[in-house]
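Visitor: Now for the letters of each chain:
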Amino acid sequence: EAQVTQNPRYLITVTGKKLTVTCSQNMNHEYMSWYRQDPGLGLRQIYYSMNVEVTDKGDVPEGYKVSRKEKRNFPLILESPSPNQTSLYFCASRAGQWTGELFFGEGSRLTVL
Amino acid sequence: AQKVTQAQTEISVVEKEDVTLDCVYETRDTTYYLFWYKQPPSGELVFLIRRNSFDEQNEISGRYSWNFQKSTSSFNFTITASQVVDSAVYFCALSEFLLKTSYDKVIFGPGTSLSVIP
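From first to last, the protein sequence lines stand for chains A and B. Sequence positions in the first sequence follow the numbering used here and run 1 to 113. Sequence positions in the second sequence follow the numbering used here and run 1001 to 1118.
Mixed in with the good hints, there may be bad ones.
To be verified - Derived list of chain A stretches under chain B, where covered just means 3 residues or more per stretch with a C-beta under 8 Å from a C-beta of chain B: (1) 11-21; (2) 60-74.
Stated by the list, open to error - Cut-off 30 Å, straight-line C-alpha distance, at most; resulting in silico cross-link-like pairs (DSS-like, lysine-lysine): (3) A:LYS57 to A:LYS71; (4) B:LYS1016 to B:LYS1105; (5) A:LYS65 to B:LYS1003; (6) A:LYS65 to A:LYS17; (7) B:LYS1070 to A:LYS71; (8) B:LYS1070 to B:LYS1003; (9) B:LYS1038 to A:LYS65; (10) B:LYS1003 to A:LYS57; (11) A:LYS71 to B:LYS1105; (12) A:LYS69 to B:LYS1070; (13) A:LYS57 to B:LYS1016; (14) B:LYS1105 to B:LYS1070; (15) B:LYS1105 to A:LYS18; (16) B:LYS1038 to A:LYS57; (17) B:LYS1070 to A:LYS65.
Claimed, not checked - Far from chain B, some chain A residues (derived; all Cβ distances over 10 Å): (18) ASN26; (19) GLU79; (20) PRO83; (21) ASN84.
These aren't lab readings, by the way, just hints derived from the structure by calculation. Computed from a predicted structure; not experimentally measured. All residues carry an ideal CB built from backbone N, CA and C; glycine is no exception.
Kindly produce the complete structure, drawing on both the sequences and the hints.
Guide: Following this line, the structure appears as structure tokens:
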């Protein structure tokens, strides 16, 4: 089954404790992206990757890091989480063309205390 | 600059009523794509439709229909004879290719929360 898998789905952590949210897709998609969803703001892009070793900042990259060492994986790293990073996070992938639709993971709800 | 506006934050309708969700976008490009996604209470995001800027034909898929009007920069979504299962948050999104970076940019609207009451 074609899918984007995120882990963990739910996480409560404390300020400053590094965490990684993993994302993996099995569709051989070139493009992957991370979004955060906050009430009233829709989905805002954090980082995206056009292919292996090619990443770039989205609209709200502060406090986040990403890497793309393999085509299928695109982890999101919070080096020192803060309460304003409490949010619902979505990973998405897409075949290379910019005209295609995004396939989303199920979301990861993160709470930073 | 790109922008997507969904002015209706929340809508409530009674089952079997028709409902239209508005989407207004801003872009300087002549080539772009518009999308609608659905987020049911379970939280996942589901693709509904894609429309390119050169195709202004309306589209109908079952009870769903979309009206794209470039003259008003709108891409509205209508659900006919709404059902409880249509209760969800609906997002409109705009995708355009940025020549400056050779990458594309996808912007989402803030979403409209639709509640269909039995």
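Visitor: Please name the hints from earlier in the document that this structure breaks, with their numbers sorted from lowest to highest.
Guide: 1, 2, 4, 7, 12, 13, 17
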